[in-house]
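Number of protein chains: 2
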Amino acid sequence: MTKFSFDLQATDGRARTGVIHTPRGDIRTPAFMPVGTAATVKAMLPDSVAATGADILLGNTYHLMLRPGAERVARLGGLHRFMNWDKPILTDSGGFQVMSLADLRKLTEEGVRFKSHIDGSTHMLSPERSMEIQRLLGSDIVMCFDECPALPATEAEVAKSMRLSMRWAQRSRDAFGDRPGHALFGIQQGGVTQELRAESAEALKAIGFEGYAVGGLAVGEGQEAMFGVLDYAPDMLPADKPRYLMGVGKPDDIVGAVERGIDMMDCVLPSRSGRTGQGWTARGQVNLKNARHADDPRPLEEGCGCPGCRNYSRAYLHHVVKAQEIIGSMLLTWHNLHYYQVLMAGLRAAIAEQRLAGFVADFHARRAEGDIEPL
Amino acid sequence: MTKFSFDLQATDGRARTGVIHTPRGDIRTPAFMPVGTAATVKAMLPDSVAATGADILLGNTYHLMLRPGAERVARLGGLHRFMNWDKPILTDSGGFQVMSLADLRKLTEEGVRFKSHIDGSTHMLSPERSMEIQRLLGSDIVMCFDECPALPATEAEVAKSMRLSMRWAQRSRDAFGDRPGHALFGIQQGGVTQELRAESAEALKAIGFEGYAVGGLAVGEGQEAMFGVLDYAPDMLPADKPRYLMGVGKPDDIVGAVERGIDMMDCVLPSRSGRTGQGWTARGQVNLKNARHADDPRPLEEGCGCPGCRNYSRAYLHHVVKAQEIIGSMLLTWHNLHYYQVLMAGLRAAIAEQRLAGFVADFHARRAEGDIEPL
Numbered sequence: 001m002t003k004f005s006f007d008l009q010a011t012d013g014r015a016r017t018g019v020i021h022t023p024r025g026d027i028r029t030p031a032f033m034p035v036g037t038a039a040t041v042k043a044m045l046p047d048s049v050a051a052t053g054a055d056i057l058l059g060n061t062y063h064l065m066l067r068p069g070a071e072r073v074a075r076l077g078g079l080h081r082f083m084n085w086d087k088p089i090l091t092d093s094g095g096f097q098v099m100s101l102a103d104l105r106k107l108t109e110e111g112v113r114f115k116s117h118i119d120g121s122t123h124m125l126s127p128e129r130s131m132e133i134q135r136l137l138g139s140d141i142v143m144c145f146d147e148c149p150a151l152p153a154t155e156a157e158v159a160k161s162m163r164l165s166m167r168w169a170q171r172s173r174d175a176f177g178d179r180p181g182h183a184l185f186g187i188q189q190g191g192v193t194q195e196l197r198a199e200s201a202e203a204l205k206a207i208g209f210e211g212y213a214v215g216g217l218a219v220g221e222g223q224e225a226m227f228g229v230l231d232y233a234p235d236m237l238p239a240d241k242p243r244y245l246m247g248v249g250k251p252d253d254i255v256g257a258v259e260r261g262i263d264m265m266d267c268v269l270p271s272r273s274g275r276t277g278q279g280w281t282a283r284g285q286v287n288l289k290n291a292r293h294a295d296d297p298r299p300l301e302e303g304c305g306c307p308g309c310r311n312y313s314r315a316y317l318h319h320v321v322k323a324q325e326i327i328g329s330m331l332l333t334w335h336n337l338h339y340y341q342v343l344m345a346g347l348r349a350a351i352a353e354q355r356l357a358g359f360v361a362d363f364h365a366r367r368a369e370g371d372i373e374p375l
Numbered sequence: 001m002t003k004f005s006f007d008l009q010a011t012d013g014r015a016r017t018g019v020i021h022t023p024r025g026d027i028r029t030p031a032f033m034p035v036g037t038a039a040t041v042k043a044m045l046p047d048s049v050a051a052t053g054a055d056i057l058l059g060n061t062y063h064l065m066l067r068p069g070a071e072r073v074a075r076l077g078g079l080h081r082f083m084n085w086d087k088p089i090l091t092d093s094g095g096f097q098v099m100s101l102a103d104l105r106k107l108t109e110e111g112v113r114f115k116s117h118i119d120g121s122t123h124m125l126s127p128e129r130s131m132e133i134q135r136l137l138g139s140d141i142v143m144c145f146d147e148c149p150a151l152p153a154t155e156a157e158v159a160k161s162m163r164l165s166m167r168w169a170q171r172s173r174d175a176f177g178d179r180p181g182h183a184l185f186g187i188q189q190g191g192v193t194q195e196l197r198a199e200s201a202e203a204l205k206a207i208g209f210e211g212y213a214v215g216g217l218a219v220g221e222g223q224e225a226m227f228g229v230l231d232y233a234p235d236m237l238p239a240d241k242p243r244y245l246m247g248v249g250k251p252d253d254i255v256g257a258v259e260r261g262i263d264m265m266d267c268v269l270p271s272r273s274g275r276t277g278q279g280w281t282a283r284g285q286v287n288l289k290n291a292r293h294a295d296d297p298r299p300l301e302e303g304c305g306c307p308g309c310r311n312y313s314r315a316y317l318h319h320v321v322k323a324q325e326i327i328g329s330m331l332l333t334w335h336n337l338h339y340y341q342v343l344m345a346g347l348r349a350a351i352a353e354q355r356l357a358g359f360v361a362d363f364h365a366r367r368a369e370g371d372i373e374p375l
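Line by line, the protein sequences give chains A and B. One point on numbering: in the UniProt record's numbering, the residue at position 334 of the first sequence is 334, and numbering is uninterrupted. One point on numbering: in the UniProt record's numbering, the residue at position 161 of the second sequence is 161, and numbering is uninterrupted.
Think of the hints as simulated: they come from the structure by calculation, not from any bench. Be aware that a few hints might be false.
Intra- or inter-copy, both count: the list cannot distinguish identical chains.
[Said to hold, decoys possible] Heads up, simulated DSBU-like pairs for lysine-lysine below, C-alpha to C-alpha not over 30 angstroms straight-line:
(1) Lys322 - Lys289
(2) Lys322 - Lys87
(3) Lys3 - Lys160
(4) Lys106 - Lys289
(5) Lys115 - Lys87
(6) Lys3 - Lys205
(7) Lys106 - Lys250
(8) Lys87 - Lys205
(9) Lys289 - Lys250
(10) Lys87 - Lys289
(11) Lys106 - Lys3
(12) Lys160 - Lys115
(13) Lys205 - Lys322
(14) Lys250 - Lys87
(15) Lys160 - Lys106
(16) Lys3 - Lys289
(17) Lys322 - Lys3
(18) Lys160 - Lys87
(19) Lys289 - Lys160
(20) Lys322 - Lys106
(21) Lys205 - Lys160
(22) Lys115 - Lys322
Model the full assembly from the supplied sequences, consistent with the hints where possible.
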């Protein structure tokens, strides 16, 4: 049986490319992970997600524990079988979403007690329960249960929260147990304070994980502050393990994160945008609701290999978005996920060939051109 | 260039099987036509619709004329190219939906003036305009513009309406012109009165059409009354031309209509049901919302070849329906359209092999069994 391992193949500046090996298949890095919150990447069949080039999906522990329930998923053969996705799955710990979505939260050293936003039922999430849920789901990459403090927060609040998360990281490691082929990732916290980031990194390295996430970013601090942290935080984590930036991001966030040594990312943006008529292209974001597309026979993105661009005009996409037809969500989600994976493949090739600076310059130049002119 | 023609290949009792040849491909009859109202079969990509076995789609003139507009579709290369469906398309005339959906209708000998239910704009539909719109869309099978009286209606009202429709049928024929490879179908009216059905059939035959529809049914009269009309109405129409029953129906409606000599049908039921958590199987209708499916690892329908049944459990379908995930609509629509096409293929084979009575008996016996027992 393949063990979980990371093969770092090339670097270009701080950027890295490699392969994460898992029993369920390889993950080419830098990797973008589409989000399959409730056991589905919204508006996509799994075969289509794989066709975009995704090697791994993210599932949300908070949503899945509430509905359909982790024990139920386990009885049904695990999340992969349940949702018909046989490649790797990473699950978050539930920590972030219990703070952002649940009602009546009560945070203690033990964990978080909360009421479901779906039916009001009471639940407890702790490091031990989060590990149990992620094991029941059958996740390939399990995330430590952590706390992400709500912004704005004082440095003292951030420090206190980070130290709680580090105690929870040890409890997560202890509860995870010995699971060959499965990985547990620690999550660095510490906000935008370099000393706290360093303290967190040391605490995590002392415990030891198969990979490390940079947590507590992409929570509203803005790209400049995020890049400020990424200028130093990834380098505090072991170079021979994957580094995962949680919840990022827009294409230019992704490029900047990869430049700063990030190997994995996830975000709902491409799929969520696809359900609101937004298309992401090399020339930026395109709002298909705009009337200028109504008679445009050109594809959303010339040369794109997704079904939406190969088979349909902007006029059609405009029509189905305006008419709120499901196919609009299907085609635009597919396009966006495809565009993101094309971007990741471009980044990987550029790093492997030591030409990332040129790739990034070209990326920004094409975006600066803006969308194609109306006919 | 292939002309439009109907090749009647076998009969079994009053039931018929054959092939309609068109320049865009053959249509095996009896045929079920999925409905693609607004240039999309809701929640399906066209390749998937074709994969279910559909040879032809139906498009709605009323919806398409209002949004995106027939002239726009024509500028964009026609409806087939617009919606990426290269097989035949039948369009209705708009007559039925202008009466059921539009606001402020005014019916005259000339046609119907109405306000759009989308934006309140004023439009006119007449035989001539309906023919023009269907030509602009590029429809392969064009329907005469007719009036379908609202129920309940007196026999005198039905007679008056039918005679207006027959005058409109002549105007439709005149306006259709000479379009090789395209067909114009007349629509028989006359409600549930045999003499009026006969008068309508004679009027249509005197004009001459490439096919004939039995209209004015499936509008709330009930299956018994509908079958009562189908006991005589199809035989009033030319045997060497396709006979189309508009807006039908449930699987048992379809079987009964085929037994009575119908060659073509259309209905939103399989696709609409798929968006409300309903699955159609050989053993009847299954409500996937029902909690009894929550832990059921079995497919919706054993042996079914659709992706929903091949790759997912009832538990998964229940979960995504309850969570209102788009994939629930996608998988159940696909299943339902697949089931309908399997039913049509079974009917065609049974007629060709002179064993329709046995097929129909088996169809009803399996439905009588009801859905599989809960585990």
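For each hint, the structure was consulted:
1. Lys322 - Lys289: Answer is both; intra-copy 6 angstroms and inter-copy 29 angstroms each pass.
2. Lys322 - Lys87: So Lys322 and Lys87 pass the 30 angstroms test across copies only (25 angstroms; inside, 35 angstroms).
3. Lys3 - Lys160: neither (36 angstroms within a copy, 79 angstroms between copies)
4. Lys106 - Lys289: neither (42 angstroms within a copy, 33 angstroms between copies)
5. Lys115 - Lys87: Close neither inside one copy (32 angstroms) nor across copies (52 angstroms); limit 30 angstroms.
6. Lys3 - Lys205: Answer is within: at 20 angstroms inside a copy they meet the 30 angstroms cutoff, but 75 angstroms across does not.
7. Lys106 - Lys250: So Lys106 and Lys250 fail the 30 angstroms test inside a copy (33 angstroms) and across (52 angstroms) alike.
8. Lys87 - Lys205: within (28 angstroms within a copy, 61 angstroms between copies)
9. Lys289 - Lys250: Result: close within a single copy only, 20 angstroms intra versus 36 angstroms inter.
10. Lys87 - Lys289: Between copies, since 29 angstroms is at most 30 angstroms while 34 angstroms is not.
11. Lys106 - Lys3: Answer is neither: 38 angstroms inside a copy and 74 angstroms across each miss the 30 angstroms cutoff.
12. Lys160 - Lys115: Answer is within: at 24 angstroms inside a copy they meet the 30 angstroms cutoff, but 64 angstroms across does not.
13. Lys205 - Lys322: neither (51 angstroms within a copy, 42 angstroms between copies)
14. Lys250 - Lys87: within (24 angstroms within a copy, 39 angstroms between copies)
15. Lys160 - Lys106: within (16 angstroms within a copy, 73 angstroms between copies)
16. Lys3 - Lys289: neither (47 angstroms within a copy, 40 angstroms between copies)
17. Lys322 - Lys3: Neither way: Lys322 and Lys3 sit 48 angstroms apart in one copy and 37 angstroms across, limit 30 angstroms.
18. Lys160 - Lys87: Close neither inside one copy (37 angstroms) nor across copies (65 angstroms); limit 30 angstroms.
19. Lys289 - Lys160: neither (46 angstroms within a copy, 45 angstroms between copies)
20. Lys322 - Lys106: between (43 angstroms within a copy, 28 angstroms between copies)
21. Lys205 - Lys160: within (19 angstroms within a copy, 87 angstroms between copies)
22. Lys115 - Lys322: This pair counts as between: shortest inter-copy Cα distance 19 angstroms, intra-copy 37 angstroms.
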